[in-house]
Amino acid sequence: MSGGTFVGMPAFPAAAREAVGDTTLRANLRHATHTIRDKRARAVAELSDWDRLREAGKRIKDHTLRHLDRYLVQLEESIERAGGTVHWAADAEEANRIVADLVRATGETEVVKVKSMATQEIGLNEALEAEGIRAYETDLAELIVQLGRDRPSHILVPAIHRNRGEIRDIFRKEMADWGRPAPDGLTDTPAELAEAARLHLREKFLRAKVGISGANFMVAETGTLVVVESEGNGRMCLTLPETLISVVGIEKVVPAWRDLEVFLQTLPRSSTAERMNPYTSMWTGTSDRDGPSTFHLVLLDNGRTDTLADEVGRQALRCIRCSACLNVCPVYERAGGHAYGSVYPGPIGAILSPQLRGTGSEIDASLPYASSLCGACYEVCPVAIDIPEVLVHLRERVVQGGEATRGGNRVTLKPAKGHAAERAAMRAAGLAFARPGALRAGQRLASRTRRLHPRTLPGPGRAWSATRDLPEVPVEPFRDWWQRTRGGGGRTTESNGQ
Amino acid sequence: MSARDRVLGRVRRALADVPADSVPVDDVAYEKAVDRGYAREHGVRTVEETVDLLAENLADYRAIVHRCTEDEVSDLLMRLYAERGSETVLVPPELPPHWLAAADPVRVHDRAVSTPHELDRVDSVITGCAVAVAETGTIVLDGSPDQGRRRITLVPDHHVCVVRVPDQVVASVPQALERLDPVRPLTWISGPSATSDIELDRVEGVHGPRTLEVVLMSGE
Chain A
1 MSGGTFVGMP AFPAAAREAV GDTTLRANLR HATHTIRDKR ARAVAELSDW DRLREAGKRI
61 KDHTLRHLDR YLVQLEESIE RAGGTVHWAA DAEEANRIVA DLVRATGETE VVKVKSMATQ
121 EIGLNEALEA EGIRAYETDL AELIVQLGRD RPSHILVPAI HRNRGEIRDI FRKEMADWGR
181 PAPDGLTDTP AELAEAARLH LREKFLRAKV GISGANFMVA ETGTLVVVES EGNGRMCLTL
241 PETLISVVGI EKVVPAWRDL EVFLQTLPRS STAERMNPYT SMWTGTSDRD GPSTFHLVLL
301 DNGRTDTLAD EVGRQALRCI RCSACLNVCP VYERAGGHAY GSVYPGPIGA ILSPQLRGTG
361 SEIDASLPYA SSLCGACYEV CPVAIDIPEV LVHLRERVVQ GGEATRGGNR VTLKPAKGHA
421 AERAAMRAAG LAFARPGALR AGQRLASRTR RLHPRTLPGP GRAWSATRDL PEVPVEPFRD
481 WWQRTRGGGG RTTESNGQ
Chain B
499 MSARDRVLGR VRRALADVPA DSVPVDDVAY EKAVDRGYAR EHGVRTVEET VDLLAENLAD
559 YRAIVHRCTE DEVSDLLMRL YAERGSETVL VPPELPPHWL AAADPVRVHD RAVSTPHELD
619 RVDSVITGCA VAVAETGTIV LDGSPDQGRR RITLVPDHHV CVVRVPDQVV ASVPQALERL
679 DPVRPLTWIS GPSATSDIEL DRVEGVHGPR TLEVVLMSGE
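Going down the list, the sequences are from chains A and B. Per my numbering, the first sequence starts with residue 1, numbered consecutively. Per my numbering, the second sequence starts with residue 499, numbered consecutively.
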């Protein structure tokens, strides 16, 4: 399995607690996120007009979203004019069925895949497997994840949680089940591991008749699809098979060819911190002399129109999946990608998943809280998504309920259950702060009984303290200390006078 | 109701809160919505400096860069193939014949009927180029007859690309897009294939050619 499903994931706090205790994972993540973020800052500094590119990217996306129906219809016309076929899918199930039917119509039982967030999101590999079709992931990191029966933990480097030794063990143990076995005596040097992947995958590329991809951008004006990548596995899947099926979220459309000049500058620098990624492929429908002779595009909604209906939250649809926000996030750095229970981890995942899937489940209701609201994610976002603003907005929805759109229909959400205690606690705090006498008495009592305090709160407070280490109560309340020492200021004056 | 109508209907309902634009959505309205005040290129350079920057950025991403005049290209290519021991070379249909006049390897022609396995047995490939981007160290192929199909520069392990300088060199990504025809299948190449998926150690050549050699060929 490739991580499409995260059913049964514990909510973020429980998953994060486990991840934070894993010191190897924390060391891996810290090294990786700091390396990428430092390189990224240098790559961005090379462009003197970064702020204007960022603003242009934001405006292009906002304009497109504002007129999304128009641009989707234009895209459809352009692609069909160029010899492609366009399909529409309202949800994951519909998209998976369309793809499975298309593959079955070719008579093939295996497909090669380019790394794609959209196909992970809908659990395409598992759906195809249920139809007797084997989908091979061909991105090196996705291969590691697939062979390890694991889940991706980062948008850009999905196997970031694995060490080279673990990767070697996975290759040795699993490759034979999927095709060409790992070479004898495989060591754990990255070059040898990459070579093993090259040999293992090449036999699949050369015989593949069907390729499946996503896309980074779709140009409405011309019908052009764009895939950016590094390894060449993308090019293999996009050009060698006879049939190409691309599954792409409806928010990936941009109006004009010219718009690519913005994103081809901001995406590589934000994501891999490179001036340009090694390979970018662009194709417009089919061409009888170059590449697949049959091209299908599956336009995927799956919660995107629900997200679009939210006035604050819709800005999440500007996301170009660069992963810069993951690499600067102090919470992601410690909790890791798996704790988010979604193919979209990190700050963007914390606002995207609860919108695409709704806040009905425990994990989705917990995600808006998976942040310290420090704002670093907003600073680095190349399309200026105000992630903290959306997080606060979603917290409000989780706690207070309210109007939202699910499956295209307006619904009224009830406040989430677990948050009743939080509301009660805030009311109690309000009362105490309004009565200084009561507050003082309470604080003294707390200090005197500090040795008796349990490590978790009783009653409704348990939910809060289950995910936090309770602060130690000081020996004496601050107010008492202040009175006793006169704030320390008196003594300082005295000592100055001596 | 079809899925198409369902999705488009949802999009329209989702946008009900946004005030309808008073102006129709056309190219003029779009130009107003997006400020294109970002740079068309970064920095001021002479033509020679732009070519130098291309060479520098190509090398920075581990491409091997050579410079020659049109008269010298044939001898240079002969040397590159000899050093590598290439016995076969894939040739696009309209590669200028004199480029390979001195080269020994057996020519394999880019044909639609060739299977990927046949391409996999070829040692090297040579192509021209559509445009090269100095600021990013990128060469762009557009499938013209001197460049061939996308797959020929992908399956063999060694790619030699000849760029005519300064004619085919632009400074920036915006300038490159202006020169390209979106209807053609396009491949942008910045250095050889690479991965950083294992502990962020960069390894060249996972699936695409492990060696990219770029020949900057001037007219004199």
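Just so you know, these hints were derived from the structure itself, not from any lab. Watch out, some of these pointers could steer you wrong.
[As the list claims (entries may be wrong)] Here chain A is said to cover these stretches of chain B; the calculated rule only asks that three of the stretch's residues, wherever they fall, bring their Cβ under 8 Å from a Cβ of chain A:
hint : stretch
1    : 530-536
2    : 564-577
3    : 604-610
4    : 680-693
5    : 704-716
Note that the Cβ used here is the ideal one computed from N, Cα and C, for glycine as well.
Okay, the hints, checked on the actual structure:
no. : hint    : result
1   : 530-536 : holds (count 6)
2   : 564-577 : violated (count 0)
3   : 604-610 : violated (count 1)
4   : 680-693 : holds (count 14)
5   : 704-716 : holds (count 4)
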